[in-house]
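This is what each chain is made of:
Number of protein chains: 2
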Amino acid sequence: MMKNKNTVRFMYTFDEGRASMRSVLGGKGANLAEMSSIGIPVPPGFTLTTQACLEYLNSGDSFIEDIWKDVISGIGYLEDKSGKTFGAGKNPLLVSVRSGAPVSMPGMMDTILNLGLNSEIVQAMIDYSGNERFVLDCYRRFIQMFSDVVMRTGTNRFEFALERKKNELGISYDFELDPGTLRVLIDDFRSIYRQQTKSEFPEDPEEQLKMAVKAVFNSWDNQRARTYRKMNGIDDSLGTAVNIVAMVYGNISEDSGTGVCFSRSPSNGEKKLYGEYLLNAQGEDVVAGIRTPRDIDSLQEYFPDVYRDLVNYARTLEEHYLDMQDIEFTVEKGKLYILQTRTGKRSASSAVNIAVDMVSEGLIDKETCISRVGPDQVEMLLHDQFDPKADYSAAASGLPASPGAAVGKIVFDPDEAVTLAEEGTPVILVRPETTPDDVHGLYAAAGVLTSRGGMTSHAAVVARGIGKPCITGCEGLEIDLEQEKLRISGQELSKGDILSIDGTSGIVVVGEVSLSQAEITDKFERFLQWCDETASLEVWANADTPEDAARARAFGAKGIGLCRTEHMFMAQERLQVMQQMIISDNTDVRREHLSKLQSMQKEDFKEIYGVMEEEPVIIRLLDPPLHEFLPDRQELKRHLSELEKLGAQESDEAESVRKTLEKSIALEEANPMLGFRGCRLGIVHPEIYEMQVRAILDAATELRRDYRITPYIMIPIVMLLEEFTILKTKIEGIVLQYKKEYPDLEYRLGTMIELPRAATVADELAREADFFSFGTNDLTQTTMGLSRDDAEAKFLRKYVEIGLLPFNPFNSLDLKGVGVMMEMAVTKARSVKQDFSCGICGEHGGDPRSISFCHSLGLHYVSCSPYRIPVARVAAAHASLGKQ
Amino acid sequence: MMKNKNTVRFMYTFDEGRASMRSVLGGKGANLAEMSSIGIPVPPGFTLTTQACLEYLNSGDSFIEDIWKDVISGIGYLEDKSGKTFGAGKNPLLVSVRSGAPVSMPGMMDTILNLGLNSEIVQAMIDYSGNERFVLDCYRRFIQMFSDVVMRTGTNRFEFALERKKNELGISYDFELDPGTLRVLIDDFRSIYRQQTKSEFPEDPEEQLKMAVKAVFNSWDNQRARTYRKMNGIDDSLGTAVNIVAMVYGNISEDSGTGVCFSRSPSNGEKKLYGEYLLNAQGEDVVAGIRTPRDIDSLQEYFPDVYRDLVNYARTLEEHYLDMQDIEFTVEKGKLYILQTRTGKRSASSAVNIAVDMVSEGLIDKETCISRVGPDQVEMLLHDQFDPKADYSAAASGLPASPGAAVGKIVFDPDEAVTLAEEGTPVILVRPETTPDDVHGLYAAAGVLTSRGGMTSHAAVVARGIGKPCITGCEGLEIDLEQEKLRISGQELSKGDILSIDGTSGIVVVGEVSLSQAEITDKFERFLQWCDETASLEVWANADTPEDAARARAFGAKGIGLCRTEHMFMAQERLQVMQQMIISDNTDVRREHLSKLQSMQKEDFKEIYGVMEEEPVIIRLLDPPLHEFLPDRQELKRHLSELEKLGAQESDEAESVRKTLEKSIALEEANPMLGFRGCRLGIVHPEIYEMQVRAILDAATELRRDYRITPYIMIPIVMLLEEFTILKTKIEGIVLQYKKEYPDLEYRLGTMIELPRAATVADELAREADFFSFGTNDLTQTTMGLSRDDAEAKFLRKYVEIGLLPFNPFNSLDLKGVGVMMEMAVTKARSVKQDFSCGICGEHGGDPRSISFCHSLGLHYVSCSPYRIPVARVAAAHASLGKQ
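Chains as they are written, first to last, in my numbering: chain H, 87 to 970; chain A, 87 to 970.
Be aware that a few hints might be false.
Repeated chains share a single entry, so a pair holds when one copy, or any two copies, can fit it.
Said to hold, decoys possible - Below, a list of computed lysine-lysine pairs in the DSSO-like style, where the Cα atoms sit at most 27 Å apart: (1) Lys884 x Lys749; (2) Lys826 x Lys421; (3) Lys571 x Lys745; (4) Lys884 x Lys814; (5) Lys914 x Lys902; (6) Lys419 x Lys167; (7) Lys581 x Lys571; (8) Lys300 x Lys692.
Read the hints as simulated data drawn from the structure, not as lab findings.
If you're wondering where the values come from, they're calculated on a predicted model, not measured in any experiment.
One chain only, chain H, in its complex shape (with noise of 0.2 Å):
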């Protein structure tokens, strides 16, 4: 080949190129090389180096001579392998001239097909070919695509002048134009070209040719380029190659065709080719959609040795790039080329299995399996989903408040989910927000709609915790709670009809959309087992009940980061007695409720302690203010003038509605997220952390022939070393009682880190804690001074909507201000205890990109809600294999 007199080559031909010289011979080229060199048969072709553009846009235009030898010996080849000559004889070669940059980048000059036609060659190819329809056609395309990418005139007139003659004879598609009609355009193409460049339409193909790598040259400097280079950083030195390669027809005959083909299924991942084809058609007749395409299984029939090439050729191309490939072939008289090779794209199972087997067939290793894999592609590996082959239309959006997809009858009343579920009828819980009293109807319906609300409302917290289908703020929705109606989009919905719920994109569908179901295959469970072996984060759960501690061992959690318990007061029997104990003044009366819950409590306890056997479980003391257990205002004083309606105003029932009321004015507080609650409480009434604390060591003492049970306990809401100490004081007392029953019970006593103040004083908490967890929910709400009831709706969707912020914070770490208190506690924490341990147990910790910055923070473990644990586990993986 020919070398210039600094050695440096101008031209590879596809023999000789590797996927390695992406630099020299830009991204296109360099792959079709890499094909090339591993013997697939790509059509012949070469590429001018990325050198050769910055020496002739350096040198000006007198030194395209220099590199001309170079494309004339790259025809050369082409001629020699092809058997067809440019520009001559019999079998003309055609050409396709395109750029192609080391980076992919918009702006630069298009593709150039079936570049070398001119009048005489044209009937040449008519007389090889015997067809003169396609011929005139290419001729036709050759001279519109070559005005407008060389010459810069736009395509406006050429599509005026071919839409006119279809006008005329009153057809619709091209290809219903006969030859005569192409003719006659060719003539009118060719005068556009004229009128709009004065100049002839270039006869000879070698003067084609050279302006079209000229073009490509210069496409390299053009404004829109620039542009795009300076905003994405891209350097100006690099240069575009130019591929110039040989063109083949998949419509030049009956034993021609085209095809697009996957290396294996891209919906489950099965290890056979997936695709179709067409005959004597090229690509853009299969996007024209006028002929349907054969599935790729009939081509065993039609072409067996295409196909069994065609298998072969995937098979190399797979064992080459080592994961699964969508490949682009045609079929020119009999003979395959393949003409593009990339990456399938597949869907969330495909990609596990896919993954899974290529390792079971030594293909990759478990580290690159994990890394084929996303963890939000493995979230939607868990939910049910609108089947992709559905065919439906939206009736409203809202917020995707919780994954998965839900189909069911409208009820707006909780307490009817609760009976039709019970009657085995899938229902939609439809209300304009919920609250604690709905709980009952969330968890029986199969899936919730909300008319307001944000992400992080009560409705969309409480789904996502039970992982059931939600979409909250669906503003399209106006709800009828007296008539049991709906309107959405138009259409008037009653209880009983209909709806589909798709919380994965926050879709409303009226009808029925069928469903794809979840599952979770043992091709997955191994795939999720990597990732364990992978991560050095592990992966707890946030779970208050027995049934969420199974659920969340079913998952893989390694343990429970967060048990809370004021979810065990809000049973309707317990809620009563936790009232009683509120609205008594007397220590002693509060003492004595508090004995009842004390054994209610040590109950729960034991549940959650022998479903999680010895595997750490973190119960977290009391933390919501105590009004939250009160029942709704406006409730007791409509109860109470009710009771004076009847003339009970004097009766027992009366003064407790009363006292009651009282109490909830007297604990009302202007900002209750920054109130009188967690360890507050605990320390200004020491009795109800007492009681806990004895509840927790009850339930690990009656245990202790089965397990040998370590409580977690941990402090909510510390800001002051100082509350921390004055609780352990207490707490250890308190275990020193226990200790001369149980000499050996040993406990660890840690503290949330939920407020800026307590990341501040980490070190000193750390001398005296055992354990750090970040409550990251409200560590965001103080640090950024965020209400997450009120700020979703009132402008935090607003701030996403204008690219203030790149997502909401309380759905992934704020890293520049949350993430830089969690550090600051984290290496404080650790200059006094060396590997001090550390988790979270926000929402955030089943977030991936919130467990990556966990990852590189060092924690211990991140804990999520149940539904979240694969996705976490995989999240912890790739955050250990430094990606996200």
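Dock chain A against chain H, hints included.
Quick look at chain A alone, frame taken from chain H:
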């Protein structure tokens, strides 16, 4: 003098010692020696050194003989000086023996007086003094003191014996005991000594002295002293000295006496002796209160020589110690002895006057002058006080929410407060708590008293801001608003009854207490100017009105650090326009209302600029959530149901109320503190900030003939760089429009740092902003997760009570948390712009301890309410001097 073999001296006479020898002579010995050294007639005395003590304790009892030679030599010195003889002669020498460690320390041995008496010497002294009762009483006391202090018998049995004797004789006072009875008592005391110690009371004075010295030495090592040293980190190897001083007697004759005087007036600082004395009396007679002491002026008449000497010595001591002295003196037979001198305690105004006078007199420099007057004392000067001489008893007490005292008639209704105040009647506004609706009443009242709310409740904040005395959270107060009555410590009071309150102490008094008035004197003014010269922090003011601004300048503010614009919307006619704006969903209508508000705000700004001339005025754009401008929701509901009762539910009025109610509900937030406020509003509703910026620029440019005003605009609640930059771009655009007409218009744009998130990105913000102002009220709320409105009453008060927190963090900065955030912000900001402008405008800006921290951070100014400015100026100067 004697030296031991190592030339370490064990004894120094008062003539030999100096103040600098504290470690050798102990504090007391060194001070008496110092006085002696400058010619002050101190009774003769000498000191056994701390080294003597340590050697004795190391070497055991035998060592006392090594020291004894020095003691004998010291006694010889006393005899020479006093002309008396120890243990013999006509005029016997008695001594006092007392310990004196280098560091003041309780638990050490007490004083023994009159040592050297025995039966024989008693008679000699009776003969010499002619005062039998006096001498016998000395002896009785000596036996008891010696027994108690040296032999550790305690005093109970002696006291019983004395009481029994007085009961027998039916007398009340010790001095009524006649010589015969005293002789019987002395015999009783000796036999008590015998029974308790199994030994005879020592007759030999030298033996008495030796026992006393050993007792002092041993007391260094007793349990109480050791524990005290351990707890206070005092070195065990210091040892204690022993002071042995010749007794002098003010009660030995009619030309004797005793007294106490100050070198200047402790109440107003006047430069003349101030004090009192008794003739023929001992110090304890003054304390016993049986005789009324005479004013020191009259001493001139009785003892002109003594008075002249006293004046001279006082001057000498002042010039020596460079501060006002509190002097104890005794005259024995016409001879003046100075027994003790120390820095005199004084009132706040005296402190200022003395310190300023002493600078004029050349005694001290300005820095010393400043260091002599604490910010707390200055605070006392600024408010009326209960007259220190007044006689009153507290009926109840609450939180000292805003300092100063007030007397007035009780009113419950803010409107009535205004009416009465306009008539010139001072009133105390009494409410369960106050709301923004009551503000006119707070302004009108002389003082405010609430039964609920904390130090940071509405009443407290407003009262401090306007310098009104206020007591909040007065739990002993029951208010019946309907009956217009209150109950306090069992008394029922009605509207119009007189109440006195002291907001400095929190004390409430029924009836009138006379007040002492505050005034800013010329000397005080001079003092404050010196403070400004010394301080590196400037003091600015938080001022929202021209009146506030004028007050602030009068108090010495160098700028306005926080001009809140929201208060400007609160006047009745403006509030209506504001409400119209808020409830409108139509942007055009909103703009129309805003343009009305714009011209109103412009006038406000012009007035404030006019007052401040060209001093900086930082105007904060709208901060509170919009619902704060809407009427109370209950009120709206009541209004609506009234209109419905009148059948006017379809009226325009009803429609408007309904709309307001709807908007109020739509704007409701669970945690408004973390809600839709500050720049979040400014971003979602850009027209509001746009209006405010125009009003500011209009004001500045309209005043351009008189002043060249550079507007300072401040954006609240910034958490993201992106929030700041989006608003900066908008504001820059508006300024550009004005620049067309006023090309030299300049402005500064800054941000508040109120959220931890802002501190974490302070470097990014500093690149874009011109200044920061720390809003430490909100920064405390978010860093600590505390709701200022709720926390105090719910748990913060308890935290302070039980010592979890040293003080309410809303009053004095929480350095370990909020301080860390501030430091992070300053450090980050100055890493990108050296000396980047930072100030503070939270309420902490007026707290001395917080000011000291701001100084250490290198802030440029503190901004506080006008009434706190003098306090802040002093605190800033103290901070520069490294004091607090």
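Hints, one by one, checked against the model:
| no. | hint | in the structure |
| --- | --- | --- |
| 1 | Lys884 x Lys749 | between (38 Å within a copy, 19 Å between copies) |
| 2 | Lys826 x Lys421 | neither (88 Å within a copy, 74 Å between copies) |
| 3 | Lys571 x Lys745 | between (38 Å within a copy, 25 Å between copies) |
| 4 | Lys884 x Lys814 | between (44 Å within a copy, 18 Å between copies) |
| 5 | Lys914 x Lys902 | both (18 Å within a copy, 13 Å between copies) |
| 6 | Lys419 x Lys167 | within (16 Å within a copy, 139 Å between copies) |
| 7 | Lys581 x Lys571 | within (6 Å within a copy, 58 Å between copies) |
| 8 | Lys300 x Lys692 | neither (79 Å within a copy, 68 Å between copies) |
Hint check: violations occur at hints 2, 8; the rest are consistent with the structure.
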